[in-house]
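**Q** With chain A's structure known, arrange chain B with the ligand on it following the hints.
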Amino acid sequence: MNRKFIKGILHRPRWELPQSEVTPEAVFRERRRITAMLGFGSIAASLPGYVQAGIFDLFGEPQALAPTRQLNFTVDQQYQTSETQTPYDKVIRHNNFYEFGTGKQDPFENAQKFKVDPWSLTIDGLVDKPLTLGYDDLYKLLPLEQRTYRLRCVEAWSMVIPWVGFPLAALLKKVGVSSKATHVAFETLFDPEQMPGQRNPLMGGGIHYPYVEGLRLDEATNELTFMAVGLYDKTLSPQSGAPIRLVVPWKYGFKSIKSVVRIRLVDKQPPSSWNQLVPHEYGFYANVNPQVDHPRWSQASERRIAEGGLFNAKRIPTLPFNGYAEQVAAMYQGMDLRKFF
Amino acid sequence: MWRISRRQLFWCKTLLHVAAALPLLWLFLAVNSDAAGGDPVQYIIHFLGKGALNLLLLTLLVSPMARWSKQGMLMQLRRPLGVWVFAYACLHLAAYFSLDLLFAWQLLLQEVVKRPYIVVGASAWLILLSLALTSFKAAQRRMGRHWQQLHYAVYPAVILVVVHYYWSVKSEIIEPSIYIMLALLLLSLRLKPLR
Ligand code: HEM
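Chain order of the listed sequences is A and B.
Residue numbering for the first sequence is 1 to 341, as defined by this note's numbering.
Residue numbering for the second sequence is 1001 to 1195, as defined by this note's numbering.
The set of hints was computed from the structure by calculation and includes no laboratory data.
Worth double-checking, as some hints may not be accurate.
[Unchecked claim] What the simulated footprint calls covered on chain A by chain B, stretch by stretch (three residues with Cβ under 8 Å from a Cβ of chain B suffice, anywhere in the stretch; the number is not a length):
#1 104–110
#2 125–134
#3 307–314
[Claimed, not checked] Over the 10 Å line for every Cβ pair with chain A, so calculated as not near, a few chain B residues:
#4 MET1073
#5 PRO1080
#6 PHE1086
#7 GLN1110
#8 GLN1148
#9 VAL1163
#10 SER1168
#11 LEU1185
None of these values were measured; they are calculated from a predicted model.
All C-beta atoms, glycine included, are put in the ideal place defined by N, C-alpha and C.
Isolated chain A, as found in the complex:
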């Protein structure tokens, strides 16, 4: 399935075939699936074909998705979960990536032309051997493995996502971290021409770009901390942070910075974008914590986005450190997590 349906204005020269005649079968099947999943399948199915097609045309023509390709990787049994995975289709169509707009569907709609090759990722700062990786290096430098992590958004929804990539610790080993380093700073690409949210404040949600994030060195080298270059079994789609992004599964999603161009080892706590913008709502740590509410909503439970239609989602209790306490809680011993939220 490589063509998808997205909202937009239909600009079609007259000589082209009507939409219904060129729409690939896969698109139609996908539409039916979603209609069916909402439970309105029988209503929709009873409409004549041209009416169905006409209704879908209302929302624009199918747009080609950014190309992705199959990756080779091993499956890391240690980092899997028995929970139901969030279907690929939902993972790539429900994103927070304000560089491409603040609506949840905006990144899917606005990011498909995003260019990821060539890419350049620099790892420098307090390191022995600074390193710059090009696009191909991202997939070759280190062996790729697949891990399935829970992703908990600060907005109280969550997903279960199989990522492909390598531990950040392995990458840091390659450059050799200086003993003076205490923190790691990350930075997203700044390219207003490609990222409408960076040039239009109405779309960018008031963030000061480029988006930056940071971790303590022990957090960065924790076994769970992961650099993802793939999602399910393919390379990342742009809206998921292509070509390379951080995944820190015990922290709220905004810590897992996307489309990273720079990783710098530093000797003090680096700035992080949401903390800079609203310091009393988003802390530097941002560990998932059901006991510490966001000032404007509860973090005690989450809406798990899994298979099925609108009413099939479930509210489940949120776990401390998003269920990864065993691997990470020791790092925060003795810290007041209400203060360091």
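**A** Okay, now just chain B with the ligand, sitting in the frame of chain A:
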């Protein structure tokens, strides 16, 4: 001077009902045909909230327009518009409760008490509820002078709603700020006749 006839007013109202219902049909089709995102819950909540607010601002535009154009008949559009505001607000609330909270009553009660922006939204909704319940001719007759007094509550309601909007967003404050200004503008048009 030319006046809007009964017949024209009837068509105005019909048009209004169609125009207010169409976005709901659009939303239904968008969600069904996959154009509202992979997980359209927030999209639906926002769409309905914004719809309610837009209609509320339109309602407040009626009397300035009627006065300015000297078409008193237009004032009759306030009732159907107001009822549509209430309908959208109810759907907004229902979407939040059913799709986001997934019918967790306890959470609803907790959140409504604890979260300032929800408290503000809920207060606005209660005002709209009392206005909708007394929007019938019979209620209007029975309440006499008190009816007008009660219905002035639409002014605090619109303030509550724009504050609710401003407070609900994570960082995208430009649009809610514009709405706050529109609301203040519409209210300021009323300062004169009160004197
Ligand atoms: C008990 C009553 C209400 C509840 C529980 C409620 C709940 C909510 C929630 C959960 C959001 C979305 C916050 C988010 O993005 O996460 C929201 C946004 C909003 N609500 Fe309400 N609301 C209520 C009443 C109202 C009323 C009466 C109106 C208007 C007449 C209204 C208009 C809006 C608007 C305009 C938004 C912003 C939509 C956007 O961001 O595009 N709400 N409300």
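**Q** Mind listing which of the numbered hints don't hold for this structure, in increasing order?
**A** Hints 2, 7 and 10 are the ones this structure does not satisfy, whereas the remaining hints hold.
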